[in-house]
Amino acid sequence: VNPAMDDDELMAEVRAAFTTFDAVPEPVLAAGRGAIARRVPAAVPADLIVDSHGALSGRRPGHLPRRAAALRGTSRLLTFKGADLAVEVEVTGTGRDLEIVGRLSPALPAHVRIRHLDGELTARVDRSGHFIVPGVPAGLMSLVFRLPDATSIVTSWVRL
Amino acid sequence: VAPTPSGDAPSGELLLQVRAGDDAAWTALTRRYSGMLWAIARAYALDDADAADAVQLTWLRLVERLDRIRRPDRVGAWLAVTARRESLRLARQHGRDQAAGEVVAAIPASAPGPDEVCVERERLRLVMTAIQALPARCQRVLRLCALAPGYAEVAAALDIPIGSVGPTRARCLSALRDRIGGLM
Chain F
1 VNPAMDDDEL MAEVRAAFTT FDAVPEPVLA AGRGAIARRV PAAVPADLIV DSHGALSGRR
61 PGHLPRRAAA LRGTSRLLTF KGADLAVEVE VTGTGRDLEI VGRLSPALPA HVRIRHLDGE
121 LTARVDRSGH FIVPGVPAGL MSLVFRLPDA TSIVTSWVRL
Chain G
1001 VAPTPSGDAP SGELLLQVRA GDDAAWTALT RRYSGMLWAI ARAYALDDAD AADAVQLTWL
1061 RLVERLDRIR RPDRVGAWLA VTARRESLRL ARQHGRDQAA GEVVAAIPAS APGPDEVCVE
1121 RERLRLVMTA IQALPARCQR VLRLCALAPG YAEVAAALDI PIGSVGPTRA RCLSALRDRI
1181 GGLM
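Same order as they appear, the protein sequences are chains F and G. Oh and the first sequence: position 123 is 123 in our numbering, straight run, nothing missing. Numbers in our numbering are just positions in the second sequence, counted from 1, shifted up by 1000.
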């Protein structure tokens, strides 16, 4: 290394050092490239507006200290809001086996996909707008509803 | 008119192409910004698993907001802000003090290889050792300046005024130069 090199030359060395000793792992690059497959074209977005875990939003249940879990219970309430619709979800359980009980309002019979990083689960939404999905893995999750008129609703990603 | 090679297209144009369904434009965006997003996660002292998680969630947020990004030309800064928020959230959950945290991973032991590779690697190891001896703030600024496409992204990633990026970069490079001189 020549200490007399100018700022841009030195910055090039910094870049080379980081890409040599802490390169982005290939699986991270691949996950980024693959993320576009999660797009649902023309879907109505529903954003997370209420999370009962508040500041703890996104804390993985497995990481919740036992005391805090006991104080809060293991149930988490999430509300997603989109144009003229809302999705309320209660998440119970811990670790790799969560259960989601939800309600779509206004109530419509629909088909729901629970997307997570390793795949997805599916369920029916009954005429009263309710749905229940067991066996949901902890981690990132997003719901996609397919309505009778063929429109879709997609919730933002949350970390369960 | 021949299509612009997506590798050189401005990020705003790439975003519009992605909206129109061009997956090659998406690949170009991820190639341009993955290094920056990884650097941001590391700047907030996340380990491999959490950094991977933060970067993944940042890309998923962009996919989910694709049609609602108001300033496609500022998508780089949008990604940087999103990655900072997600990284801070994960860092807080794990109770890490990001100001005190080590922001550069340990340097792996030297691997045997052809002589010229070894020489190159040893030179970069010296640079890395010098970086690690700098204050945490300088480590973050240098890493982001090295891996983000522009100052707007660096300012967004570190939540500092854009006007302070250039002077801080210069000050930290000067400190790095002194450290390297001291190691030689």
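In short, the hints are calculated from the structure, not lab data. There's no promise every hint is true.
Unchecked claim - Just so you have them, the derived chain F footprint on chain G, three or more residues with Cβ under 8 Å:
hint	segment
1	1011-1018
2	1044-1057
3	1071-1078
4	1120-1127
5	1132-1142
For every residue, glycine included, the Cβ atom is placed at its ideal position computed from N, Cα and C.
**Asked** For the segment 1071-1078 of chain G, does the count of residues with a C-beta closer than 8 Å to a C-beta of chain F reach 3?
**Response** violated (count 0)
**Request:** Examine the segment 1132-1142 of chain G for residues whose CB is less than 8 Å from any CB of chain F, and state whether their number is three or more.
**Result:** violated (count 1)
**Asked** Against chain F, does the segment 1044-1057 of chain G show at least 3 residues with beta-carbon separation below 8 Å?
**Response** holds (count 7)
**Request:** Confirm or reject the coverage of the segment 1011-1018 of chain G by chain F under the rule of 3 or more residues with a beta carbon closer than 8 Å to the chain's beta carbons.
**Result:** violated (count 1)
**Asked** Given as covered by chain F, does the segment 1120-1127 of chain G meet the bar of three residues or more with CB within less than 8 Å?
**Response** Check passed, 6 qualifying residues.
Against the hints set out earlier in the document, violations occur for numbers 1, 3, 5.
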